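Model the full structure from these sequences, guided by the hints.
Note that the sequence shown covers residues -21 to -1, 1 to 99 in mature numbering (1 follows the signal peptide of the UniProt record, and there is no 0).
Here are the simulated lysine-lysine pairs, DSS-like style, with alpha carbons at most 25 Å apart:
id: 1; residue 1: Lys77; residue 2: Lys56
id: 2; residue 1: Lys15; residue 2: Lys35
id: 3; residue 1: Lys35; residue 2: Lys86
id: 4; residue 1: Lys35; residue 2: Lys70
id: 5; residue 1: Lys15; residue 2: Lys77
Distance windows between CB atoms, simulated:
id: 6; residue 1: Lys86; residue 2: Asp9; range: 27 to 35 Å
id: 7; residue 1: Ile7; residue 2: Lys56; range: 20 to 28 Å
id: 8; residue 1: Ala98; residue 2: Arg53; range: 32 to 40 Å
id: 9; residue 1: Pro11; residue 2: Gly75; range: 26 to 34 Å
id: 10; residue 1: Pro11; residue 2: Gln69; range: 19 to 27 Å
id: 11; residue 1: Lys15; residue 2: Gly75; range: 16 to 24 Å
id: 12; residue 1: Ile20; residue 2: Leu43; range: 23 to 31 Å
id: 13; residue 1: Glu54; residue 2: Ala98; range: 36 to 44 Å
id: 14; residue 1: Pro96; residue 2: Glu59; range: 30 to 38 Å
id: 15; residue 1: Leu82; residue 2: Leu43; range: 33 to 41 Å
id: 16; residue 1: Glu22; residue 2: Pro96; range: 29 to 37 Å
id: 17; residue 1: Ile7; residue 2: Asn33; range: 23 to 31 Å
id: 18; residue 1: Ile7; residue 2: Thr63; range: 18 to 26 Å
id: 19; residue 1: Val24; residue 2: Lys70; range: 28 to 36 Å
Since the hints were derived computationally from the structure, they do not count as laboratory data.
Here the structure is a predicted model, which means the values were calculated and not measured.
Even glycine gets a Cβ: it sits at the ideal position worked out from N, Cα and C.
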Amino acid sequence: MYAKIVVISVALLQLASIVESNDIRLGIIDTPRSRKIYSEIVEAVPGLSKRRPNIKINAPHSGLITAVYITDLREYKDGEAFITSGGVGQKSVTIGLKTPTILRGYKFQIEVYATDPNAG
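Following this line, the structure appears as C-alpha coordinates:
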(Lines of atoms letter the chains of each structure in order from A and count residues from 1; the text may use other names and numbers.)
(Lines give C-alpha, C1' and ligand atoms only; values in the text may rest on other atoms or scores of the structure.)
Protein backbone atom coordinates (compact mmCIF):
# COMPACT_ATOMS: atom_id res chain seq x y z
CA MET A 1 0.00 0.00 0.00
CA TYR A 2 2.82 2.38 0.91
CA ALA A 3 4.51 1.76 -2.45
CA LYS A 4 1.30 2.67 -4.31
CA ILE A 5 1.03 5.94 -2.39
CA VAL A 6 4.65 6.81 -3.21
CA VAL A 7 4.15 6.02 -6.91
CA ILE A 8 0.95 8.10 -7.08
CA SER A 9 2.63 11.00 -5.24
CA VAL A 10 5.59 10.97 -7.63
CA ALA A 11 3.24 10.85 -10.63
CA LEU A 12 1.27 13.85 -9.31
CA LEU A 13 4.47 15.83 -8.71
CA GLN A 14 5.63 15.06 -12.25
CA LEU A 15 2.26 16.13 -13.62
CA ALA A 16 2.47 19.39 -11.65
CA SER A 17 5.92 20.13 -13.08
CA ILE A 18 4.64 19.50 -16.61
CA VAL A 19 1.72 21.89 -16.05
CA GLU A 20 4.05 24.72 -14.97
CA SER A 21 6.49 24.28 -17.85
CA ASN A 22 6.99 22.33 -21.03
CA ASP A 23 9.49 19.96 -19.43
CA ILE A 24 8.89 16.24 -19.95
CA ARG A 25 9.57 13.63 -17.28
CA LEU A 26 8.42 10.18 -18.39
CA GLY A 27 9.37 6.85 -16.83
CA ILE A 28 11.77 5.99 -14.05
CA ILE A 29 15.43 5.17 -13.88
CA ASP A 30 15.41 1.53 -12.77
CA THR A 31 18.98 1.27 -11.51
CA PRO A 32 21.05 -0.84 -11.96
CA ARG A 33 19.20 -2.12 -15.05
CA SER A 34 18.89 1.34 -16.63
CA ARG A 35 21.70 3.36 -18.08
CA LYS A 36 21.86 6.71 -19.79
CA ILE A 37 22.03 6.19 -23.56
CA TYR A 38 21.67 9.82 -24.67
CA SER A 39 22.49 13.15 -23.05
CA GLU A 40 22.72 16.36 -25.02
CA ILE A 41 21.92 20.05 -24.80
CA VAL A 42 20.14 21.06 -28.00
CA GLU A 43 19.89 24.72 -29.01
CA ALA A 44 18.22 26.61 -31.83
CA VAL A 45 19.58 30.01 -32.75
CA PRO A 46 16.91 32.74 -32.80
CA GLY A 47 15.81 33.80 -36.26
CA LEU A 48 16.88 30.73 -38.21
CA SER A 49 14.02 28.32 -37.75
CA LYS A 50 11.01 27.83 -35.55
CA ARG A 51 11.45 24.06 -35.50
CA ARG A 52 14.30 21.60 -35.92
CA PRO A 53 14.15 18.14 -37.46
CA ASN A 54 13.05 15.48 -34.98
CA ILE A 55 15.65 13.71 -32.86
CA LYS A 56 15.43 9.90 -32.88
CA ILE A 57 17.17 7.88 -30.17
CA ASN A 58 17.35 4.08 -30.40
CA ALA A 59 17.91 1.77 -27.44
CA PRO A 60 21.02 -0.34 -28.00
CA HIS A 61 20.74 -4.08 -28.71
CA SER A 62 17.56 -5.55 -27.23
CA GLY A 63 17.06 -2.80 -24.63
CA LEU A 64 13.90 -0.75 -24.09
CA ILE A 65 13.52 2.95 -23.24
CA THR A 66 12.84 3.34 -19.49
CA ALA A 67 12.86 7.14 -19.07
CA VAL A 68 12.81 10.32 -21.16
CA TYR A 69 13.71 13.60 -19.45
CA ILE A 70 13.53 16.85 -21.43
CA THR A 71 14.24 20.10 -19.58
CA ASP A 72 13.77 23.60 -21.01
CA LEU A 73 16.89 25.50 -19.94
CA ARG A 74 15.77 28.96 -21.08
CA GLU A 75 14.65 31.53 -18.54
CA TYR A 76 10.97 31.71 -19.54
CA LYS A 77 10.62 27.98 -20.30
CA ASP A 78 8.39 28.69 -23.28
CA GLY A 79 9.93 26.27 -25.77
CA GLU A 80 7.90 23.23 -26.70
CA ALA A 81 9.10 19.62 -26.52
CA PHE A 82 6.97 16.67 -27.55
CA ILE A 83 7.30 12.98 -28.32
CA THR A 84 6.22 12.15 -31.86
CA SER A 85 6.68 8.37 -31.67
CA GLY A 86 7.95 5.61 -29.41
CA GLY A 87 8.82 6.36 -25.81
CA VAL A 88 8.91 4.47 -22.53
CA GLY A 89 8.66 0.72 -23.09
CA GLN A 90 9.62 1.02 -26.76
CA LYS A 91 12.88 0.39 -28.62
CA SER A 92 13.17 4.05 -29.65
CA VAL A 93 11.83 7.53 -28.99
CA THR A 94 11.45 10.42 -31.43
CA ILE A 95 11.47 13.93 -29.94
CA GLY A 96 10.28 17.15 -31.55
CA LEU A 97 11.40 20.60 -30.38
CA LYS A 98 9.83 23.95 -31.21
CA THR A 99 10.45 27.60 -30.35
CA PRO A 100 7.60 29.86 -29.19
CA THR A 101 8.44 32.30 -32.01
CA ILE A 102 11.06 32.40 -34.74
CA LEU A 103 12.89 35.19 -32.89
CA ARG A 104 13.32 33.30 -29.59
CA GLY A 105 15.20 30.06 -30.20
CA TYR A 106 15.30 27.32 -27.59
CA LYS A 107 17.65 25.38 -25.35
CA PHE A 108 16.72 21.92 -24.07
CA GLN A 109 18.61 19.26 -22.17
CA ILE A 110 17.58 15.80 -23.35
CA GLU A 111 18.34 12.65 -21.37
CA VAL A 112 17.17 9.18 -22.38
CA TYR A 113 17.64 6.00 -20.34
CA ALA A 114 17.21 2.39 -21.46
CA THR A 115 17.45 -1.07 -19.95
CA ASP A 116 20.76 -2.81 -20.28
CA PRO A 117 20.04 -6.43 -21.26
CA ASN A 118 23.46 -7.45 -19.87
CA ALA A 119 22.77 -6.06 -16.37
CA GLY A 120 21.82 -8.53 -13.65
